[in-house]
Amino acid sequence: MAEFLYRESPPKSKPAPQDLPAPLLANATDPSGYLPDQGMVDAVNVALLLRQPLLLTGEPGTGKSQLASSVAYQLGLDPPLCFETKSTTIARDLFYSFDNIGRFRAAQTAGASSDAKLFLAFNALGLAIVLANSPEGAGPVLPPDFKHPGRRRSVVLIDEIDKAPRDFPNDILNEIERLYFRIPELGNAQVGAEPDHRPVVIMTSNSEKALPDAFLRRCIFYSIPFPDDERLERIVLARLPERLVHGSPLMRDAISFFGHLRQDDLALRKRPGTAELLNWLAAMLDFECEPSKALLAQAGPASRTLASLAKMDEDQVRIHEAFKQWIYK
Amino acid sequence: MFCAATLPTFLTALRLSGFAVGLPERQRSLDLLVSLQATGTMPDNSEQLSNMLGAVLCRSAQQQVLFRREFAKHFGTWKGREPPHDEGATQAEPRIEIGAQAEPTGDLPDSPSPVHRQMVVRAVIVALLLFVMAAILKSGFIPRVPTFAPPAPFAPNSIFEAFPDWLLSALEGPRVVIEAMQTTFGPATLLLVYVVFIVAALWIVAPSRPFAAYMSRRRVDYRPQLVELFVKPSTFNPFLDGSFARRVQDLRRPRLVQSRELDVDASLLATLDRAGLFSPVFAFRRVAPEYLVLIDRRSGNDHVARYAEALVAALLQMRIYVDVYHYNGDFRRLFASPGAPSTTFEEVTGRHPEHRLVIIGAGERFFDPVSGRLVAWAARVKSFQRRILLTPTPRELWGYREETLQEGLEIPVVAIGSDAISAMADFLAKDEPPRPQAPTPERSTRAAAMAKLADLLDDRPLRWVEDGLPDETSLGVFNKALRQALPPSDYDWLSACAVYPEINWQLTVHLGLALPGAPLRRGEASSRLLHFVSLPWFRFGRMPSWLRHLLVDEMSAAVYRKVRNTLEALLLTTLVPASGKFAIEAALERGKALDDNKAVESRMPRAMRDSVLIDFMTRLRKDRTVVRLPSAVARLLKRDGLLRNILTREPQDEVAAGAQIVANEVEAAGLEAFDVTPAEEGSGGLGPELRLVAQPLDRTGASVKSRDDFHIYLPAGVKPARLLDGASATLYRRRRDLARRLSTHNLIVVLVVALVLYGGVLTTASAFNDVNSGIAAIIAALLIVSPYAILNGLLVWPIVRRFSLFPACRPVGDVRPYAATRFTIESPAALAGRYR
Numbered sequence: 001m002a003e004f005l006y007r008e009s010p011p012k013s014k015p016a017p018q019d020l021p022a023p024l025l026a027n028a029t030d031p032s033g034y035l036p037d038q039g040m041v042d043a044v045n046v047a048l049l050l051r052q053p054l055l056l057t058g059e060p061g062t063g064k065s066q067l068a069s070s071v072a073y074q075l076g077l078d079p080p081l082c083f084e085t086k087s088t089t090i091a092r093d094l095f096y097s098f099d100n101i102g103r104f105r106a107a108q109t110a111g112a113s114s115d116a117k118l119f120l121a122f123n124a125l126g127l128a129i130v131l132a133n134s135p136e137g138a139g140p141v142l143p144p145d146f147k148h149p150g151r152r153r154s155v156v157l158i159d160e161i162d163k164a165p166r167d168f169p170n171d172i173l174n175e176i177e178r179l180y181f182r183i184p185e186l187g188n189a190q191v192g193a194e195p196d197h198r199p200v201v202i203m204t205s206n207s208e209k210a211l212p213d214a215f216l217r218r219c220i221f222y223s224i225p226f227p228d229d230e231r232l233e234r235i236v237l238a239r240l241p242e243r244l245v246h247g248s249p250l251m252r253d254a255i256s257f258f259g260h261l262r263q264d265d266l267a268l269r270k271r272p273g274t275a276e277l278l279n280w281l282a283a284m285l286d287f288e289c290e291p292s293k294a295l296l297a298q299a300g301p302a303s304r305t306l307a308s309l310a311k312m313d314e315d316q317v318r319i320h321e322a323f324k325q326w327i328y329k
Numbered sequence: 001m002f003c004a005a006t007l008p009t010f011l012t013a014l015r016l017s018g019f020a021v022g023l024p025e026r027q028r029s030l031d032l033l034v035s036l037q038a039t040g041t042m043p044d045n046s047e048q049l050s051n052m053l054g055a056v057l058c059r060s061a062q063q064q065v066l067f068r069r070e071f072a073k074h075f076g077t078w079k080g081r082e083p084p085h086d087e088g089a090t091q092a093e094p095r096i097e098i099g100a101q102a103e104p105t106g107d108l109p110d111s112p113s114p115v116h117r118q119m120v121v122r123a124v125i126v127a128l129l130l131f132v133m134a135a136i137l138k139s140g141f142i143p144r145v146p147t148f149a150p151p152a153p154f155a156p157n158s159i160f161e162a163f164p165d166w167l168l169s170a171l172e173g174p175r176v177v178i179e180a181m182q183t184t185f186g187p188a189t190l191l192l193v194y195v196v197f198i199v200a201a202l203w204i205v206a207p208s209r210p211f212a213a214y215m216s217r218r219r220v221d222y223r224p225q226l227v228e229l230f231v232k233p234s235t236f237n238p239f240l241d242g243s244f245a246r247r248v249q250d251l252r253r254p255r256l257v258q259s260r261e262l263d264v265d266a267s268l269l270a271t272l273d274r275a276g277l278f279s280p281v282f283a284f285r286r287v288a289p290e291y292l293v294l295i296d297r298r299s300g301n302d303h304v305a306r307y308a309e310a311l312v313a314a315l316l317q318m319r320i321y322v323d324v325y326h327y328n329g330d331f332r333r334l335f336a337s338p339g340a341p342s343t344t345f346e347e348v349t350g351r352h353p354e355h356r357l358v359i360i361g362a363g364e365r366f367f368d369p370v371s372g373r374l375v376a377w378a379a380r381v382k383s384f385q386r387r388i389l390l391t392p393t394p395r396e397l398w399g400y401r402e403e404t405l406q407e408g409l410e411i412p413v414v415a416i417g418s419d420a421i422s423a424m425a426d427f428l429a430k431d432e433p434p435r436p437q438a439p440t441p442e443r444s445t446r447a448a449a450m451a452k453l454a455d456l457l458d459d460r461p462l463r464w465v466e467d468g469l470p471d472e473t474s475l476g477v478f479n480k481a482l483r484q485a486l487p488p489s490d491y492d493w494l495s496a497c498a499v500y501p502e503i504n505w506q507l508t509v510h511l512g513l514a515l516p517g518a519p520l521r522r523g524e525a526s527s528r529l530l531h532f533v534s535l536p537w538f539r540f541g542r543m544p545s546w547l548r549h550l551l552v553d554e555m556s557a558a559v560y561r562k563v564r565n566t567l568e569a570l571l572l573t574t575l576v577p578a579s580g581k582f583a584i585e586a587a588l589e590r591g592k593a594l595d596d597n598k599a600v601e602s603r604m605p606r607a608m609r610d611s612v613l614i615d616f617m618t619r620l621r622k623d624r625t626v627v628r629l630p631s632a633v634a635r636l637l638k639r640d641g642l643l644r645n646i647l648t649r650e651p652q653d654e655v656a657a658g659a660q661i662v663a664n665e666v667e668a669a670g671l672e673a674f675d676v677t678p679a680e681e682g683s684g685g686l687g688p689e690l691r692l693v694a695q696p697l698d699r700t701g702a703s704v705k706s707r708d709d710f711h712i713y714l715p716a717g718v719k720p721a722r723l724l725d726g727a728s729a730t731l732y733r734r735r736r737d738l739a740r741r742l743s744t745h746n747l748i749v750v751l752v753v754a755l756v757l758y759g760g761v762l763t764t765a766s767a768f769n770d771v772n773s774g775i776a777a778i779i780a781a782l783l784i785v786s787p788y789a790i791l792n793g794l795l796v797w798p799i800v801r802r803f804s805l806f807p808a809c810r811p812v813g814d815v816r817p818y819a820a821t822r823f824t825i826e827s828p829a830a831l832a833g834r835y836r
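Protein chains in written order, with our numbering: chain A, 1 to 329; chain B, 1 to 836.
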C-alpha cells in the first residue's frame with residue numbers, strides 16, 4: 001500500500017518539497033463530462049429558443065453553476081463570463097465598474113488624461129453586451145486599451161443571485177430582458193446587444209431568499225431535482241471514468257449508502273450532495289479501496305474517508321454511526 | 001403537430017391552481033410552440049413538451065411538480081407519436097384529489113363513466129345468468145319431481161296466485177306441470193333462493209342506491225385512502241384594515257448605508273474646502289429594509305402561527321421584504337418551511353445580518369423551568385441591532401415573563417394585535433426608536449376570569465387536549481371557567497369549531513365571520529381572534545372528543561343549524577373552480593379493520609390512525625359531531641365505494657400495482673423472511689388462508705421497519721404462499737366475506753323452506769329419492785352451491801388470480817405452511833424448480 005504524504009508521526013528532518021498526487025477528479029470542470037437531466041436540457045432549449053435568461057435552482061452540488069460551461073461548450077462559444085453575486089452587489093456591478101478615485105487622481109495630475117472611458121471596466125453581462133456589438137458599434141464606450149475580439153455571442157453566468165440585496169433583481173428587470181445598459185459617467189451612453197448575438201444568460205439561486213415575481217416572470221425557470229441512483233451512477237462514471245466501471249460493487253454500495261444518508265429520518269443538518277459523493281468515492285479510491293469489492297469488505301479504509309461527506313461536526317458523528325449500522329446490518 | 005387550441009384552457013386551469021399566468025406567459029407559451037414548430041423540433045413525447053412549457057410557466061420547484069401533474073391530467077401522456085388532437089380540454093374540475101393508492105381525480109358526475117358502462121354489461125350478464133339457470137332447472141328437472149303430500153297446516157294454493165302470470169310463464173313452460181300444488185318445493189325454493197339472489201344482484205348494480213357521506217373523527221387500524229377537498233378560502237386577514245397601508249409605510253422606508261462608491265459632488269466640495277487636497281467622500285445608498293420573522297409554531301395546525309402568518313402575508317402584500325422561519329419553543333433550531341431540514345440561528349444570522357428581527361411567540365421556553373431565569377441562548381437575539389418580540393399572550397395576562405424578556409433581552413415586548421404594526425414601525429424603522437415602556441398588564445373586568453382559565457390550562461397543558469375524559473369535578477370547574485372567560489359569542493364560536501371533526505384555521509375564520517353576533521368583522525384588526533386562537537385546542541390543532549361533545553351538545557338548535565349551513569356551503573365550494581383553494585384532508589373508508597394486532601397499528605403513521613373519516617352510509621346519523629358531506633360532493637367520491645370495488649377492473653389493477661409495490665419494497669429493504677402470527681392467535685377474522693406478518697426480517701435476521709403491513713396468503717393445494725400488501729389482503733377479505741355471507745344466507749333460506757314445506761330435511765330428501773335420488777341430489781347441490789360458485793367467480797377469483805404476481809414464499813423449516821410461523825422469500829428459479 002502506498003504511503004500518504006502526511007503522516008501521524010512527522011519525519012525527523014524536513015523532507016524535500018513533495019509533489020501532490022494527480023487529483024482523480026481533475027476533470028470536474030470539464031464541460032464534456034457534464035450530464036444534464038432531460039428537464040434541464042429542455043429548459044435550456046426553451047431559453048435559447050425564446051432568448052430569455054434561464055434561472056436555475058436546486059440543492060447545492062446539483063451542477064447549477066457548471067451548466068453555463070456546458071452550454072458554452074455545446075454552442076461552441078468561449079468559456080462563460082461569470083459574475084459572482086455578493087451581498088453588496090448593486091445593479092451597475094453586473095455591467096461595469098467605474099474608478100472614480102482614479103479619475104479624481106488623474107484630474108489632479110498634470111498631463112494625465114481624464115477621459116472617462118479610461119476608468120471604465122466592463123463586468124460579465126456588460127462585457128457580453130459589448131461583445132455582441134461590432135467594434136465600431138461599441139466604439140463610443142470602449143476604453144482605448146480595450147481589444148475587441150470581434151462580434152460574438154457569449155454565455156453569462158450570474159451565480160447565486162439570491163445573495164444580492166433585494167433591490168438587485170428589481171433593478172435589473174429591463175436590462176436583463178432587453179439586454180442593454182446605460183453609463184451615466186459617459187453622458188448616459190446606452191449600449192445594447194445586437195439581436196443576432198444576444199448573450200445567453202444563466203442565473204443560479206440557492207433559494208435562500210425569494211426572488212420578486214416581476215423578476216421571475218422574465219426568466220425561464222428550472223429547479224434541478226436531485227438525481228436518482230441511475231443518474232448518480234452515470235455522473236460518477238463520467239467523472240471517474242478511469243477508475244470505476246458500470247456496476248462496480250464499490251460504487252453501487254457507495255451510492256446506496258449515500259441514498260441512505262439523504263433520507264429524512266437521519267436528520268443530517270447538511271445532506272450531502274453529488275459533489276460530496278464524488279469526493280467520497282475519489283477519497284476511497286485514493287485510500288486504495290478496490291472498485292471491484294463491496295463496501296462491506298473494505299469498511300475500514302472507507303470509514304476513514306467519511307469526513308468528505310460531512311460538513312458539520314454533529315453530522316460527522318451521525319454519518320459515522322449511520323455507516324456502522326448500514327455496513328453491519 | 002401539437003394542437004395549440006387547447007392551450008388557453010390549460011393555462012386557465014393553471015391560473016386557477018395558483019400559477020402566475022398572465023398575458024406575457026400566454027404569449028411566451030405560444031411563442032415557444034411556434035418556435036418549436038418553425039424549427040422542426042416539436043417534441044414527440046409528452047414529458048419533453050411538459051418540461052418545456054413548465055420552464056416557461058413555473059416559478060418554483062413545487063410548481064414544477066404540480067405542473068407536470070396538471071399537464072399529464074390535461075393532455076395525457078404519449079410517446080413517439082403526436083398528442084391527441086380531438087380531445088376537448090376539460091374545464092377546470094372540482095378540486096378533489098385522492099392520495100395514496102388511487103387515481104388522482106374523480107370524473108364529473110354527469111360525464112360518461114366506464115363504471116356505468118360496465119355496470120350495465122354486468123347487470124345484463126347477471127340477469128341472463130339467473131334467467132337461464134332458472135329455465136334450465138325448471139324445464140329440465142322440476143317436472144320430474146313427483147307429487148307428495150304437503151304438511152297439514154300449510155295451504156299452498158295461495159303460493160302461485162301471488163305471482164304474476166308473466167313471471168310464471170318466464171320460469172317454466174306448460175302451466176300444467178305445476179298444477180299439483182304438492183310439487184311446490186322445487187319452484188318455490190327456486191324462486192325464494194333467486195329472490196334473495198336477485199335482490200343481492202340488484203343491490204350491487206343499483207346505480208343510485210340512496211346513501212350519504214358523513215365525516216367523523218375515528219381511530220382506524222387499517223390504511224385509509226386519503227382525499228383532499230379543495231375548498232374556497234376566506235379572504236379575511238385580521239391585519240388588512242383600512243389604515244394598514246398607511247401604517248406600514250414606515251416599515252418600507254429605505255435605510256441609508258455607506259457604499260464603496262465615491263460621492264463625486266461631495267468629494268469635490270471636500271477637496272476644494274481642503275485647498276485641493278484630495279478628500280474622498282463615500283456615497284450613501286438607499287437600501288430597502290428587510291425583516292427576519294421567527295414564528296413559534298407548536299403544531300402543524302397552530303392557529304397562533306397562522307395568525308402570525310396572516311401578518312406576514314399582509315406585509316408581503318405591501319411589498320415589504322420578509323424572510324420567515326419557524327421554531328418550536330427554542331429558536332436555536334429554525335425551519336424555513338414545515339418538513340424542511342432545520343437551520344441554526346447562527347446560520348440564519350449570518351445569512352441575514354442586516355435584517356430587523358421580529359420574534360412572534362410568547363417566549364415560554366426562553367426561561368429555565370427550574371430557576372425561572374432566562375436561558376443563556378435567548379440572549380442571542382441581541383446579535384440583531386433592531387428587534388422586537390410580538391407576544392400572543394393577552395395583555396390581561398402579562399406579568400413577570402414579559403417584564404423579564406424586555407429587560408433581560410433588551411427587546412420591546414408588544415402584543416401581536418392591532419398595535420403591532422405601529423410598534424414595529426416605531427421600534428424597527430425609526431432612526432431614533434423610543435424607549436420601550438414597561439410591559440404592564442391591562443386591567444379589565446374579564447381579566448380575573450381569563451387568569452383563572454389560564455391557570456387551569458397552564459397547570460397541566462396537555463390535560464385538556466388529551467382524549468381521556470376528566471373527572472366530573474374537574475370538568476365542572478373547567479366548564480365554568482371557560483364560560484366566564486369567554487364572551488357568549490366567543491363561546492358559541494368555540495362550540496361551532498367543535499362541530500367539524502378537525503380544527504382548521506380556515507374553518508375557524510369562516511365560522512367566526514358567519515356566526516350570529518359575528519365574533520370577527522372584516523376590516524377590523526382583531527385582537528379578539530388572537531385571544532380566541534390562543535386557547536390550547538387551537539394551538540395544538542386538535543380538540544378531544546369529550547370536549548367536542550360537551551360543547552356541541554349544549555349548542556342551541558339555531559346556532560347549530562347555522563354552523564351546519566356554513567360548513568355545507570363551504571364544502572360545496574369544492575365544486576366551484578377558483579384559485580388559491582385550501583385543502584381539507586380526510587380519509588375514505590377502505591374496508592373493515594383487518595385485526596386488532598398492535599403491530600399493524602404501531603407501523604401506521606399516527607395521523608392516519610386518527611383521521612377525519614368519510615363513511616358512506618344509508619342510515620341517518622343523529623350525532624351532532626358527525627358532519628354530513630353535501631351529496632353533490634359525496635357523489636364525486638362515490639366511485640371509490642362499493643360500486644367501483646365490485647364492478648370495475650380498477651381494484652384488480654390496484655392489486656397488480658400492489659404486487660409491484662411489494663416486490664419493490666422487498667428488494668429495496670432487502671427483506672428475506674417474515675415472522676407471521678400463528679394461526680390460532682389473533683387471526684381476527686383473517687381466515688385460515690391469511691396470516692398477518694408480525695415482523696419483516698432482512699437477510700441477517702434483523703427486523704426491518706416497513707412502510708406497509710404485509711400478509712401471507714396460503715392457497716389450498718400445493719401452490720406457493722404469496723406475500724401480499726395490506727390493501728390487497730383487505731380487498732380479498734372483503735370480497736371473500738361478501739360471497740360467504742350471501743351464500744350462507746342462501747343456505748339458510750333453502751333449509752328453512754325445506755323445513756317449513758316438508759317438515760325437515762330428511763323428509764325432503766326422501767321426497768327426492770322417490771323418483772331419482774341422483775337428480776334430486778344434484779338439484780339440492782345446485783341450489784346450495786351455485787350461488788357461492790357464481791359469487792366466488794365474480795368477486796373473489798379475479799383477485800386471487802392476480803395473487804400470482806406477488807412474491808412467492810415458503811415456510812422456513814420442515815413444517816406445513818398452515819403451521820409455519822416464519823416464511824422466506826422464494827426466488828423465481830427455486831419456485832420454477834419446485835413446481836416443475
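One should not assume that every hint holds.
Unchecked claim - Here are the simulated lysine-lysine pairs, DSSO-like style, with alpha carbons at most 27 Å apart:
| id | chain 1 | residue 1 | chain 2 | residue 2 |
| --- | --- | --- | --- | --- |
| 1 | A | 86 | B | 382 |
| 2 | A | 324 | A | 311 |
| 3 | A | 86 | A | 293 |
| 4 | A | 209 | A | 270 |
| 5 | B | 73 | B | 232 |
| 6 | A | 163 | A | 324 |
| 7 | A | 209 | A | 147 |
| 8 | B | 382 | A | 209 |
| 9 | A | 209 | B | 430 |
| 10 | B | 430 | B | 382 |
| 11 | B | 562 | B | 232 |
| 12 | A | 163 | B | 73 |
It is worth saying that the hints were derived from the structure and are not from the lab.
How the hints compare with the structure:
{"no.": "1", "hint": "A:86 <-> B:382", "in the structure": "25 Å, holds"}
{"no.": "2", "hint": "A:324 <-> A:311", "in the structure": "19 Å, holds"}
{"no.": "3", "hint": "A:86 <-> A:293", "in the structure": "45 Å, violated"}
{"no.": "4", "hint": "A:209 <-> A:270", "in the structure": "18 Å, holds"}
{"no.": "5", "hint": "B:73 <-> B:232", "in the structure": "22 Å, holds"}
{"no.": "6", "hint": "A:163 <-> A:324", "in the structure": "38 Å, violated"}
{"no.": "7", "hint": "A:209 <-> A:147", "in the structure": "38 Å, violated"}
{"no.": "8", "hint": "B:382 <-> A:209", "in the structure": "23 Å, holds"}
{"no.": "9", "hint": "A:209 <-> B:430", "in the structure": "25 Å, holds"}
{"no.": "10", "hint": "B:430 <-> B:382", "in the structure": "18 Å, holds"}
{"no.": "11", "hint": "B:562 <-> B:232", "in the structure": "18 Å, holds"}
{"no.": "12", "hint": "A:163 <-> B:73", "in the structure": "37 Å, violated"}
The structure does not agree with the numbered hints 3, 6, 7 and 12 stated previously, though it agrees with the rest.
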